[in-house]
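Chemist: Here are the chains, one letter per residue:
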Amino acid sequence: MQPSRVEPADRELMARLAAGEREALAPLMERHYRRVYRVALSYLRQREDALDVVQETFVKAFQNAARWDGSAEAGPWLARIAVNLSIDRWRRNKRRLQTFAPMPEDDHAEVLAAAGDGADRSLQGREAQERVRAALAVLPERQRAIVVLRHYQELSLEEIASALGMSLGTVKSSLHRALHRMRAGLQAEARP
Amino acid sequence: MLEHLRLRRRIALLAADVLDGREREDALAHVERCARCQGELAELRVLVDALEQDPLRAAEPDVPLAVMVARVEREVARALLTPERRPRWWLVALPAACALLAVAVLVPTLVERARRPPQAARAAIPPSEASPLVAEDALRRIERNLARENAARYLSEAGELLVAVAAKGPDCDRSDGRLDVGEAPERSRELLERRRLVLEPAGEAVAGARGVLDDVEMALRDVAELPSCVKRRDVDRLRESVERRQLLMRIRLMTRELEG
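Those protein sequence lines, which keep their order, are chains A and B.
Counted the way this note's numbering counts, the first sequence spans residues 1 to 192.
Counted the way this note's numbering counts, the second sequence spans residues 1 to 260.
If you're looking for bench data, these hints aren't it; they were derived computationally from the structure.
Check before you lean on any hint, since a few could be wrong.
Derived pair list, reagent style SDA-like, types lysine to any residue, alpha-carbon separation capped at 25 Å [what the hints assert, rightly or not]:
#1 A:K94 <-> B:A70
#2 A:K94 <-> B:R153
#3 A:K60 <-> B:E160
#4 A:K60 <-> B:R45
#5 A:K60 <-> B:R237
#6 A:K94 <-> B:S156
#7 A:K60 <-> B:C172
#8 A:K94 <-> B:R245
#9 A:K94 <-> B:E160
#10 A:K60 <-> A:S162
#11 A:K94 <-> B:E183
#12 A:K94 <-> B:S241
#13 A:K94 <-> B:D234
#14 A:K60 <-> B:D234
#15 A:K94 <-> B:P64
#16 A:K60 <-> B:R78
#17 A:K94 <-> A:R142
#18 A:K94 <-> B:R232
#19 A:K94 <-> B:R250
#20 A:K60 <-> B:P170
#21 A:K60 <-> B:D62
#22 A:K94 <-> B:R252
#23 A:K60 <-> B:Q246
#24 A:K94 <-> B:G182
#25 A:K60 <-> B:A70
#26 A:K60 <-> B:G182
#27 A:K60 <-> B:E183
#28 A:K94 <-> B:P170
#29 A:K94 <-> B:Q38
#30 A:K60 <-> B:A152
#31 A:K60 <-> B:E259
#32 B:K231 <-> A:R96
#33 A:K94 <-> B:D236
#34 A:K94 <-> B:D171
#35 A:K60 <-> B:T255
#36 A:K94 <-> B:S175
#37 A:K60 <-> B:P64
#38 A:K94 <-> B:V163
Could you build all of it, start to finish, from the sequences and the hints given here?
Modeler: So this is what it looks like as structure tokens:
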């Protein structure tokens, strides 16, 4: 994806947030709500958790607006906050699931149904998506974040490196490992 | 062979479409010569296509924007009321300055008082006729919100504590298979005390949460009675009880409801 230019309005809104102006939240959220939600949902695969992460992301954006580097884009900066919060939540959920039996699943199927209008909804397609979901679930948290930012958010490797505080080389090798691990997982599942 | 190993690493990046220029050309040229790499690239491309066709990529949040904005604004307002506890220079400097000032003001006064004979007690000052600054119903609303926030915090902390206990800490007695639950019993007692002092008087404000609060209380009582080095089966029993009552999920839902 070609990175889009920073619109002056984004810059202006961030400056207003940095000055403590709460009214700037609504227009900023209007622009980035969907994107932040999709980052969190792709990572966590749980609607409720994703909505919590959205909320926390914008609260953090307000609190840390003064630290935003005006030369970067606000979108990837928000995605960075969202993915880091998602990783934190993933860890907490994992700890809880290791301890307790899984809680009733979120309405994942409904999310898929709502999101998939007009898309290929064949049983085979759904099964393939489930397998991908399962393969994604076994990735270590950073590799999972890289796959989500690359293949769900279409960030460039440089943007991913900046978002996750990693070197470009580490992002490349992690993406390589993640895709091979997922491929191996899918192959193992496909075997009779 | 070394060349093959070097370029083979790039196949996943080729499938992910993140190579360009020379790197991409080299990788493509290698794939053309390497049958095994062709198969690998094809499989990785199927995987990448599946990822990029995941319907979640286009999922729409089902909470309206206005509602989410309201939630964020409420959290921001709350955060502004209770700023983060970070060590700041003035947190150290201010008490020190106050202490110096107190010494400078109080010491001469006390010395002076010690020198003088005792004086007659001053005439009592009549209490000022305070006029209410906040309307009564607004006060009631504030109290209600505070009570609900307290209840939400209590439930959330109790949930974390139950998870921590059931997570099975390190062995404290390997021979007997006992586990260390640390300060969880003491922390449970504190939470139970907090419920008695803070939540019980809240009455109607948290009436809807009564069922969850009662179940949480039962679980906390079980934890409070544990020794710090506890039998594994006691922890298992506690975990089963929490699961049976779906306590964590109910805590989570009720916390959200109380937070409005």
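Chemist: All hints, please: hold or fail.
Modeler: Tested hints:
Under the criterion of a C-alpha separation no larger than 25 Å, the hint pairing K94 (chain A) with A70 (chain B) is inconsistent with the structure, at around 30 Å. For the hint pairing K94 (chain A) with R153 (chain B), the CA-to-CA distance comes to about 22 Å; that is within 25 Å, so the pair holds. Between K60 (chain A) and E160 (chain B), the direct Cα distance comes to roughly 23 Å. Compliance with the 25 Å bound is thereby established for this hinted pair. Proximity of K60 (chain A) to R45 (chain B) is assessed by CA-CA distance (about 37 Å); at most 25 Å being required, the pair is judged violated.
Note on K60 (chain A) and R237 (chain B): the hinted pairing is violated, with a Cα-Cα distance of about 39 Å set against a maximum of 25 Å. Under the criterion of a C-alpha separation no larger than 25 Å, the hint pairing K94 (chain A) with S156 (chain B) is consistent with the structure, at around 17 Å. About 40 Å separates the Cα atoms of K60 (chain A) and C172 (chain B), which puts this hinted pair outside 25 Å; it is violated. Distance check on the hinted pair: K94 (chain A) and R245 (chain B) sit about 20 Å apart at the alpha-carbon level, within 25 Å; holds.
The hinted pair formed by K94 (chain A) and E160 (chain B) meets the criterion: a straight-line CA distance of about 13 Å does not exceed 25 Å. Only pairs whose Cα atoms come within 25 Å are accepted, and K60 (chain A) paired with S162 (chain A) is accepted, the gap being roughly 18 Å. Between the alpha carbons of K94 (chain A) and E183 (chain B) the distance comes to roughly 23 Å, so the proposed pair stays at or under 25 Å and holds. At most 25 Å may separate the alpha-carbon atoms for a hinted pair to count; K94 (chain A) and S241 (chain B) meet this at roughly 20 Å.
Pair hint K94 (chain A) plus D234 (chain B) holds up; C-alpha atoms about 23 Å apart against a cutoff of 25 Å. With a C-alpha separation of about 40 Å, the suggested pairing of K60 (chain A) with D234 (chain B) is violated against the 25 Å cut-off. Between K94 (chain A) and P64 (chain B) the CA atoms are separated by roughly 29 Å; this puts the pair beyond 25 Å, and the hint is violated. Proposed proximity of K60 (chain A) and R78 (chain B) is supported: the alpha carbons are some 13 Å apart, at most 25 Å.
Under the criterion of a C-alpha separation no larger than 25 Å, the hint pairing K94 (chain A) with R142 (chain A) is consistent with the structure, at around 14 Å. Taking the CA atoms of K94 (chain A) and R232 (chain B), the gap is near 21 Å; set against the 25 Å cutoff, the hint holds. The hinted pair formed by K94 (chain A) and R250 (chain B) meets the criterion: a straight-line CA distance of about 18 Å does not exceed 25 Å. Restraint check: the Cα-Cα separation between K60 (chain A) and P170 (chain B) comes to about 35 Å, which exceeds 25 Å; the hinted pair is violated.
Taking the CA atoms of K60 (chain A) and D62 (chain B), the gap is about 22 Å. The hint holds against a cut of 25 Å. In summary, the hint linking K94 (chain A) to R252 (chain B) is supported, as the alpha carbons are separated by about 16 Å, within the 25 Å threshold. The straight-line distance between the Cα atoms of K60 (chain A) and Q246 (chain B) is roughly 31 Å, outside the 25 Å bound, and the hint therefore fails. For the proposed pair K94 (chain A) and G182 (chain B), the alpha carbon gap of about 22 Å is at most 25 Å, so the pair holds.
Of the pairs offered as hints, the one joining K60 (chain A) and A70 (chain B) holds, with about 15 Å between alpha carbons and a cut-off of 25 Å not exceeded. Among the hinted pairs, K60 (chain A) with G182 (chain B) is inconsistent with the structure: their alpha-carbon atoms are about 33 Å apart, more than 25 Å. A distance of roughly 32 Å separates the Cα atoms of K60 (chain A) and E183 (chain B); the hinted pair therefore is violated under the 25 Å criterion. Under the criterion of a C-alpha separation no larger than 25 Å, the hint pairing K94 (chain A) with P170 (chain B) is consistent with the structure, at around 19 Å.
Of the pairs offered as hints, the one joining K94 (chain A) and Q38 (chain B) is violated, with about 37 Å between alpha carbons and a cut-off of 25 Å exceeded. Among the hinted pairs, K60 (chain A) with A152 (chain B) is consistent with the structure: their alpha-carbon atoms are about 21 Å apart, no more than 25 Å. For the proposed pair K60 (chain A) and E259 (chain B), the alpha carbon gap of about 19 Å is at most 25 Å, so the pair holds. For the hint linking K231 (chain B) to R96 (chain A), the alpha-carbon distance of about 21 Å falls within 25 Å, and the restraint holds.
The suggested pairing of K94 (chain A) with D236 (chain B) holds, with an alpha-carbon distance near 19 Å, which does not exceed 25 Å. Only pairs whose Cα atoms come within 25 Å are accepted, and K94 (chain A) paired with D171 (chain B) is accepted, the gap being roughly 22 Å. The straight-line distance between the Cα atoms of K60 (chain A) and T255 (chain B) is roughly 21 Å, inside the 25 Å bound, and the hint therefore holds. Between K94 (chain A) and S175 (chain B), the direct Cα distance comes to roughly 30 Å. Violation of the 25 Å bound is thereby established for this hinted pair.
With a CA separation close to 20 Å, the supplied pair K60 (chain A) and P64 (chain B) stays within the 25 Å bound. Under the criterion of a C-alpha separation no larger than 25 Å, the hint pairing K94 (chain A) with V163 (chain B) is consistent with the structure, at around 11 Å.
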